[in-house]
Every structure is written in C-alpha cells, then in structure tokens.
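Novice: What follows is each chain in one-letter form.
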Amino acid sequence: MNTWPLFEVFIRSKNGLDHKHVGSLHATDAKMAIENARDVYTRRQEGVSIWVVESNLIVSSDPAENESLFDPAQDKIYRHPTFYNLPDELKHM
Amino acid sequence: MDISVSNNKFQHRIDLEEKIEAKDWMPDGYRKTLIRQIAQHAHSEVVGMLPEGNWISRAPTLKRKAILLAKVQDEAGHGLYLYSAAETLGIDRETLYEELNSGKSKYSSIFNYPALTWADIGAIGWLVDGAAILNQVALCRTSYGPYARAMVKICKEESFHQRQGFEIMLTLCNGSELQKKMAQDALNRWWWPSLMMFGPRDSESPNSSQNITWKIKRFTNDDLRQKFVDMTVPQAAILGLTIPDEKLSWNSERNHYDMGEINWEEFWNVLNGNGPCNKQRLDARKKAHENGSWVRDAAAAYSSKKYKKMAS
Chain V
1020 MNTWPLFEVF IRSKNGLDHK HVGSLHATDA KMAIENARDV YTRRQEGVSI WVVESNLIVS
1080 SDPAENESLF DPAQDKIYRH PTFYNLPDEL KHM
Chain Z
225 MDISVSNNKF QHRIDLEEKI EAKDWMPDGY RKTLIRQIAQ HAHSEVVGML PEGNWISRAP
285 TLKRKAILLA KVQDEAGHGL YLYSAAETLG IDRETLYEEL NSGKSKYSSI FNYPALTWAD
345 IGAIGWLVDG AAILNQVALC RTSYGPYARA MVKICKEESF HQRQGFEIML TLCNGSELQK
405 KMAQDALNRW WWPSLMMFGP RDSESPNSSQ NITWKIKRFT NDDLRQKFVD MTVPQAAILG
465 LTIPDEKLSW NSERNHYDMG EINWEEFWNV LNGNGPCNKQ RLDARKKAHE NGSWVRDAAA
525 AYSSKKYKKM AS
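In the order they appear, the protein sequences are chains V and Z.
Heads up, the first sequence is in the numbering used here, so the first residue is 1020 and it goes up one at a time.
Heads up, the second sequence is in the numbering used here, so the first residue is 225 and it goes up one at a time.
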C-alpha cells in the first residue's frame, strides 16, 4: 500500500452541475483510481462523471492566512447590488 | 501564538458551531482522539463484514443473497470513507491496517459475537445497524468536517441495511413455529450486546466530557441508549417477539422505557479481548491482508512497468 498513491475523487452527479469532492482512495494509477472510485463512490448511481487527481498535486491555501488572503474583498461592498439605493418605481432592475 | 491563546480561539470556533477542516489549527488532543475514534469506526466497518459475509453462501433465496452481498459491499465502502477521513488527519493507510491487525487498535465489540443462524442476519440488520444509525445520525453534526461528511454518506446507505434486517425478522415471525422460535432466539442473543454498542455508562466514560466540549460527541452514551430502547420496543411488538429484559417497562413520569442493568462484566471482558470471536475476527483480517499481498504487489509492479514502457 505504500506504493499506491492517494487520489482525491470528484463526482459530477448530473450534467449541468459541477464535480464535487467526495473523498479519497488509494490506487496504483489513474485508471485504477477511476474504477475504484466507481465502486466506492457511485454504488447508487450518484454520478455521471468522475475526476481523480493525485492528492499531492492539489495545492491549497493555508487557512492560517485567510484573513490577509481574503482581505481585499472585505471593504468593497459596492460589489453587491444592495449597495445601490434606487427609487421604488424603477422596474426590472 | 501562545498555545493557550490558540486553544481558546479553537474552542471559540467550536462553540460557534464552526466546522474544523483538515488544514485548520487544532489541539494535539483533538487530532489524536479523532484519529483514534475514526480509525476504530473504520475498522468496525471492515470487521463487521465478517459475521454477515459468512452467511452469503447460505442465504435462503437468490434475492436474499444479492441483498446481503450489497450490504456487505456497502460496509467495505463505509470503511473506505472512514479510512479516507482518518487520513486527512495525518495518519497513513498502512499504519491504520497495521494497528488493526496487531490488535493495537480496537473495533466495535459487537462484531465479536457469532452469527449462528439466518435469523441472526435479521437481528443484526435490525438491532446492530439500528444502533449504529442512531450513533451515526448524531455524528453527522460532529465538529470535524471530513468525519461529518463521511457520516452523511454512510447514513444515506445505512437505512436499507436496517430495513433489510427487519424484513427478514418479519418474514420469519410470520412463518412456521420453528422460524418464529429462531427469530426469538436471535433477539435473545443480540439484544444486550446491541445495548452495549453505546459504550459504558456516562458516569464511567472518562473521555466523554472533553469530546462533548469539542463537539466531537453530540449526545451522551446513556442518551443514545435510551433513545434506541424507546424506538425499538414498539418494533419488537410488531414482530410479536419478547425483548429479553424483565425490567423493561414504560415509565409515564419520565416518558421513557425503564430498563434492566447491562452485564458490565461481559461488556469489559469482550472489550478486552475475551469475547466469543475476538481471535477469529483478527485472524480473518490478518489472513486476508497476508493472502492479498501478492495482488497489491502485482498491481504496483504492473503499474510501474506500464509507465516505464510509456516513458521509453
């Protein structure tokens, strides 16, 4: 098992929706990972598409840096529609 | 940051019902206790395949055989969801298997009891899966994100397990005198071990209070055990079976069933390795792991051979 890399699994439940992360599994390569993902994560027809990615290829942000990473959006409330005060009689906007 | 400040910040997040994710800061104790609990849960699913797997070749009809196969396959899948969740905390799969096979890591004691008749398969689905469902529904709101999400997936799949078990019992209870007797006998043997699944009395559960503060545990052992009894008594009545507890009676003041005392000596004895099937279960796991090693090695060798070929 120490030569079987870890893969993260993403499933699209139906067309029109995004692939969603559902968990991980070990496999020797991507082909086996897809087949194992089919067995582990779609026993009840939960998916129409499977993506597998080796876990060590995923780069994630560090939650400890969240405050500074997401700071730029904090004071830009004018990005929201509710910031704008417009007359009630205005329709379709 | 000072460790006590980090701990306070962490506890504050827990108090606000925030979920903790894999890369978030967490106290060492939180990580350790979660690894232990999730690993035990995963091992329980995998060992849990054994008492029922044993009956696949002896199911009374093709339909029942196919259903039992699907249930046992689900248990393997549940083990995999849980191993996957445990790995997010920094432990690797090889170590998890090593801990199970060496006896270092525990699994739910209920699986150290034997499945002696076909009616046991019914009782296991009805009572053992029933108790597991109560525990798992509660854990859907556990504070650690990956564990909670695994619980949601497991709960969706678990409900057919219980319905399948109850349906077996119903069929037997509506059958011949001998079938009904077999169903009663299975209930007699699985009732008390199912109650033991909820763990020691609250007063004898030292880790419980920290796990409740950290919102890993959402309800106490006794709370869940009481809920299980209250739900299951009317179910037994539908089957026309007698629950093997003379002290069982409805208490209209408490609005709950009063029940007899669990045999705590048996509880600790089985937990400590002296149950009817402890050795058998572990031997089966070790044998499966050893006998399967050539498959794992061959798969790894084939894969690296394939990539060498592609590269050249």
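Take the hints with a grain of salt, since some may be wrong.
[What the hints assert, rightly or not] Capping the alpha-carbon separation at 27 Å, the derived lysine-lysine pairs in BS3-like fashion look like this:
| no. | chain 1 | residue 1 | chain 2 | residue 2 |
| --- | --- | --- | --- | --- |
| 1 | Z | 289 | Z | 511 |
| 2 | Z | 511 | Z | 328 |
| 3 | V | 1050 | Z | 256 |
| 4 | Z | 533 | V | 1033 |
| 5 | Z | 511 | Z | 405 |
| 6 | V | 1039 | Z | 451 |
| 7 | V | 1039 | Z | 511 |
| 8 | Z | 328 | V | 1050 |
| 9 | Z | 530 | Z | 510 |
| 10 | Z | 530 | V | 1033 |
| 11 | Z | 377 | Z | 256 |
| 12 | Z | 330 | V | 1039 |
| 13 | Z | 511 | Z | 247 |
| 14 | Z | 529 | V | 1050 |
| 15 | Z | 380 | V | 1039 |
| 16 | Z | 377 | Z | 471 |
| 17 | V | 1050 | Z | 533 |
| 18 | Z | 471 | V | 1050 |
| 19 | Z | 330 | Z | 405 |
If you're looking for bench data, these hints aren't it; they were derived computationally from the structure.
Note that the structure is a prediction, hence the values are computed from the model and not measured.
Novice: Decide, hint by hint, whether the structure agrees.
Specialist: Hints and how they fare:
1. Pair hint residue 289 of chain Z plus residue 511 of chain Z holds up; C-alpha atoms about 24 Å apart against a cutoff of 27 Å.
2. As the CA atoms of residue 511 of chain Z and residue 328 of chain Z are separated by approximately 17 Å, the hinted pair is consistent with the 27 Å bound.
3. With a C-alpha separation of about 34 Å, the suggested pairing of residue 1050 of chain V with residue 256 of chain Z is violated against the 27 Å cut-off.
4. In summary, the hint linking residue 533 of chain Z to residue 1033 of chain V is not supported, as the alpha carbons are separated by about 36 Å, beyond the 27 Å threshold.
5. Between residue 511 of chain Z and residue 405 of chain Z the CA atoms are separated by roughly 36 Å; this puts the pair beyond 27 Å, and the hint is violated.
6. For the hint linking residue 1039 of chain V to residue 451 of chain Z, the alpha-carbon distance of about 34 Å lies beyond 27 Å, and the restraint is violated.
7. Restraint check for residue 1039 of chain V and residue 511 of chain Z: not satisfied, since their Cα atoms lie roughly 36 Å apart, outside the 27 Å limit.
8. With a C-alpha separation of about 34 Å, the suggested pair residue 328 of chain Z and residue 1050 of chain V falls outside the 27 Å cut-off, and the hint is violated.
9. For the proposed pair residue 530 of chain Z and residue 510 of chain Z, the alpha carbon gap of about 30 Å is over 27 Å, so the pair is violated.
10. For the hint linking residue 530 of chain Z to residue 1033 of chain V, the alpha-carbon distance of about 33 Å lies beyond 27 Å, and the restraint is violated.
11. Distance check on the hinted pair: residue 377 of chain Z and residue 256 of chain Z sit about 24 Å apart at the alpha-carbon level, within 27 Å; holds.
12. As the CA atoms of residue 330 of chain Z and residue 1039 of chain V are separated by approximately 33 Å, the hinted pair breaks the 27 Å bound.
13. Restraint check: the Cα-Cα separation between residue 511 of chain Z and residue 247 of chain Z comes to about 36 Å, which exceeds 27 Å; the hinted pair is violated.
14. At most 27 Å may separate the alpha-carbon atoms for a hinted pair to count; residue 529 of chain Z and residue 1050 of chain V meet this at roughly 14 Å.
15. Between residue 380 of chain Z and residue 1039 of chain V, the direct Cα distance comes to roughly 17 Å. Compliance with the 27 Å bound is thereby established for this hinted pair.
16. Taken as a hint, the residue 377 of chain Z and residue 471 of chain Z pair is broken in the structure, with Cα atoms around 37 Å apart against an allowance of 27 Å.
17. For the suggested pair residue 1050 of chain V and residue 533 of chain Z, the alpha carbons sit about 16 Å apart, so the restraint of at most 27 Å is met.
18. For the suggested pair residue 471 of chain Z and residue 1050 of chain V, the alpha carbons sit about 58 Å apart, so the restraint of at most 27 Å is broken.
19. With a C-alpha separation of about 34 Å, the suggested pair residue 330 of chain Z and residue 405 of chain Z falls outside the 27 Å cut-off, and the hint is violated.
Comparing the model with each earlier hint shows violations of hints 3, 4, 5, 6, 7, 8, 9, 10, 12, 13, 16, 18 and 19; every other hint is respected.
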